[in-house]
Amino acid sequence: MAAIKTDNLVKRYDEVTAVDGVSLEIQEGEVFGLLGPNGAGKTTLISMLATLVHPTSGTALVAGHDIITQSLNVRRNIGIVFQEPSVDDLLTARENLYLHSMLYGMPRREIDPKIDKMLALVNLSDRGDSFVKTYSGGMRRRLEIARGLIHGPKILFLDEPTLGLDPASRKAVWSHIRELKEAHNTTIILTTHYMEEADNLADRIAIINRGKIIELDTPAALKKKVGQDLVFLRGAINEAGIKALPFVKSVERENGQYKISIENSGANLQELLNAGGKIEEVEVRRVTLDDVFLKFAGQQISDDADEHAEGIFERIAVNKTTRH
Amino acid sequence: MMNFNAVYALLLREAKIYFREKERIISILVSPLLFLFVMGKGMADGQSPVPGCTYQQFIFPGIMAMVLLFTSITYGLYIIWDKRLDFLKEVLAAPISRATLFFGKSLGGMLGALVETLLLVIIGAFFILPLTPVKVLLSLAASVPVSYMITNMGLTIGARMKSMEGFGLVMSFLTWPLFFFSGALFDIATAAPYIKVISLFDPVTYSVDLLRIIMLGRGAFSVWADLGAITLFCLLTTAVGVAAFGALQQEK
Numbered sequence: 001m002a003a004i005k006t007d008n009l010v011k012r013y014d015e016v017t018a019v020d021g022v023s024l025e026i027q028e029g030e031v032f033g034l035l036g037p038n039g040a041g042k043t044t045l046i047s048m049l050a051t052l053v054h055p056t057s058g059t060a061l062v063a064g065h066d067i068i069t070q071s072l073n074v075r076r077n078i079g080i081v082f083q084e085p086s087v088d089d090l091l092t093a094r095e096n097l098y099l100h101s102m103l104y105g106m107p108r109r110e111i112d113p114k115i116d117k118m119l120a121l122v123n124l125s126d127r128g129d130s131f132v133k134t135y136s137g138g139m140r141r142r143l144e145i146a147r148g149l150i151h152g153p154k155i156l157f158l159d160e161p162t163l164g165l166d167p168a169s170r171k172a173v174w175s176h177i178r179e180l181k182e183a184h185n186t187t188i189i190l191t192t193h194y195m196e197e198a199d200n201l202a203d204r205i206a207i208i209n210r211g212k213i214i215e216l217d218t219p220a221a222l223k224k225k226v227g228q229d230l231v232f233l234r235g236a237i238n239e240a241g242i243k244a245l246p247f248v249k250s251v252e253r254e255n256g257q258y259k260i261s262i263e264n265s266g267a268n269l270q271e272l273l274n275a276g277g278k279i280e281e282v283e284v285r286r287v288t289l290d291d292v293f294l295k296f297a298g299q300q301i302s303d304d305a306d307e308h309a310e311g312i313f314e315r316i317a318v319n320k321t322t323r324h
Numbered sequence: 001m002m003n004f005n006a007v008y009a010l011l012l013r014e015a016k017i018y019f020r021e022k023e024r025i026i027s028i029l030v031s032p033l034l035f036l037f038v039m040g041k042g043m044a045d046g047q048s049p050v051p052g053c054t055y056q057q058f059i060f061p062g063i064m065a066m067v068l069l070f071t072s073i074t075y076g077l078y079i080i081w082d083k084r085l086d087f088l089k090e091v092l093a094a095p096i097s098r099a100t101l102f103f104g105k106s107l108g109g110m111l112g113a114l115v116e117t118l119l120l121v122i123i124g125a126f127f128i129l130p131l132t133p134v135k136v137l138l139s140l141a142a143s144v145p146v147s148y149m150i151t152n153m154g155l156t157i158g159a160r161m162k163s164m165e166g167f168g169l170v171m172s173f174l175t176w177p178l179f180f181f182s183g184a185l186f187d188i189a190t191a192a193p194y195i196k197v198i199s200l201f202d203p204v205t206y207s208v209d210l211l212r213i214i215m216l217g218r219g220a221f222s223v224w225a226d227l228g229a230i231t232l233f234c235l236l237t238t239a240v241g242v243a244a245f246g247a248l249q250q251e252k
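Listed in order, the protein sequences are those of chains L and D. For the record, in the first sequence the residue sitting at position 58 is 58 according to my numbering, with numbers rising by one throughout. For the record, in the second sequence the residue sitting at position 82 is 82 according to my numbering, with numbers rising by one throughout.
Calculated from the structure, these hints are not laboratory results. Keep in mind that the hints are not guaranteed to be accurate.
Here are the simulated EDC-like pairs of lysine to aspartate or glutamate, each with C-alpha atoms no more than 16 Å apart in a straight line [claimed, not checked]:
1. L:K225 / L:D199
2. L:K295 / L:E239
3. D:K16 / L:E95
4. L:K249 / L:E263
5. D:K16 / L:D89
6. L:K224 / L:E182
7. L:K5 / L:E15
8. L:K133 / D:E21
9. D:K16 / L:D129
10. L:K225 / L:E215
11. L:K224 / L:D291
12. L:K154 / L:D129
13. L:K133 / D:D82
With beta-carbon atoms standing in for the labels, derived distance ranges [said to hold, decoys possible]:
14. D:W81 / L:D203: 36 to 42 Å
15. D:A243 / L:Y13: 49 to 55 Å
16. L:S130 / D:P51: 57 to 63 Å
Using N, Cα and C, we set each Cβ at its ideal position, and we do this for glycine too.
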């Protein structure tokens, strides 16, 4: 059974169309990556699926319930970790989790043991009784993930779960996500603009740009569409000779060098170099999802990633100073 | 559909936060106490409309209504913070109806207002107006629906407001007028006609009057008229407030 099935979902704001006719089906137990630059419509799409934003048109079934007419039933079956921090600063971690468990109708005697378990899962057991305002960014993120999971949702939405985290915390979050999939068969919908993240975690990836899904496939298949390996050559290159080789998928000129996409560089590189003409410089690397995005969306994603992360932390800092 | 576990959880959150900010509990009482002790005592020969009472005793129920009004409205407007800091998202995403959320928030506001009122009544009973325990309990009981309807007003406006900048506007154009037209500081029966007319539409008028009947034994209207008007305002603000919460969506 499909965990999520959307039917031509559209969300239009005054000026922009944030989500422009998305139809997709996500299977139970799947980790589904939504990959795209800022403003591509990722957050709006999952906000609609989580019943937080009304679609302009179209609808979706989440865990078998309609997001418009059965929103409370949808909510009972999902967990969501927002892009922006939404844990309560003025409460302790334990109190945040308790509040959440009560809101989601968990039986009271199950709540305390579950809180201990979740705190242990995200390595916050020793800080469970500290106020969240004393937490670092990474700790907050982990607490939010614990909160999104505590009521045992069938479907979990993670909106940029590792944004702004240091590499160690990022790895820790990734391993939690993998555990969830393996141990509980949780369906996970993950938005990210980190290629590495989608590549590492997702069973399938939808590349989304300007509200439309422009490509949907497994990471391996997406990479295959671009070729397996990329070879960059500089020098007086025999372009026609290269194009004639059977394992060459595409040849492009880029910044004064040739970008050649080939299959199986291990076996074919020698032959490519032999046919290449007078070569001054060679660089070989595997295709990343960055290359995939560049090919399908015609633009880079990673440029604005750091800028965006910074913006969020600035916002938190500003909010902190103005709250009381 | 009301989910009482969730209402309890929401109330618990508000209670924890409220009692952790002790400075705020005290600071809220400063301006009402200024009215009571500086204005009340300063106008020492000010005539009290109720025979046998000083002016300070006469305005005491009015100042109690003032505490209810200011704490309840301010609390309601505070959900702007929740909205801006995204804390509200967590509860908006929870599987509870908007009526449940509204009711939980309302109770949270009432709790704060009632604690402040209790403090004021204790101060008043010692220094201004000796009250029997029955009168103390009755005035606290009367404070329950009053703080409910005013919290509802604050929550409704807060749900529609986009930024904290509107806070000053609401205070200037709503809270202070509600206070002044309520007859907290004077007798409505002898006021200028235009004040009388406006005060009839002010829910705080009936609150002041009810508290005055309980504490001083005399008011401008009957108990039933006051209770009827307060009930009406409670129902009205509930309907409008739940609708306003129903329209709350995650902002882009």
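Here is what the structure says about each hint:
With a C-alpha separation of about 15 Å, the suggested pair K225 (chain L) and D199 (chain L) falls inside the 16 Å cut-off, and the hint holds. At roughly 20 Å between alpha-carbon atoms, K295 (chain L) and E239 (chain L) are farther apart than 16 Å, so this suggested pair is violated. Distance restraint check for K16 (chain D) and E95 (chain L): the Cα-Cα separation of roughly 10 Å lies within the 16 Å cut-off, and the hinted pair is therefore satisfied. Restraint check: the Cα-Cα separation between K249 (chain L) and E263 (chain L) comes to about 7 Å, which is no more than 16 Å; the hinted pair holds.
Of the pairs offered as hints, the one joining K16 (chain D) and D89 (chain L) holds, with about 12 Å between alpha carbons and a cut-off of 16 Å not exceeded. The suggested pairing of K224 (chain L) with E182 (chain L) is violated, with an alpha-carbon distance near 26 Å, which exceeds 16 Å. The suggested pairing of K5 (chain L) with E15 (chain L) is violated, with an alpha-carbon distance near 27 Å, which exceeds 16 Å. For the hint linking K133 (chain L) to E21 (chain D), the alpha-carbon distance of about 14 Å falls within 16 Å, and the restraint holds.
As the CA atoms of K16 (chain D) and D129 (chain L) are separated by approximately 14 Å, the hinted pair is consistent with the 16 Å bound. For the hint pairing K225 (chain L) with E215 (chain L), the CA-to-CA distance comes to about 11 Å; that is within 16 Å, so the pair holds. Distance restraint check for K224 (chain L) and D291 (chain L): the Cα-Cα separation of roughly 11 Å lies within the 16 Å cut-off, and the hinted pair is therefore satisfied. As the CA atoms of K154 (chain L) and D129 (chain L) are separated by approximately 28 Å, the hinted pair breaks the 16 Å bound.
Pair hint K133 (chain L) plus D82 (chain D) holds up; C-alpha atoms about 15 Å apart against a cutoff of 16 Å. Look at W81 (chain D) against D203 (chain L): about 40 Å separates their beta carbons, and that is inside 36 to 42 Å. The beta-carbon spacing between A243 (chain D) and Y13 (chain L), approximately 23 Å, falls outside the hinted interval of 49 to 55 Å. In this structure the hint that S130 (chain L) and P51 (chain D) lie 57 to 63 Å apart at CB holds, the actual value being about 59 Å.
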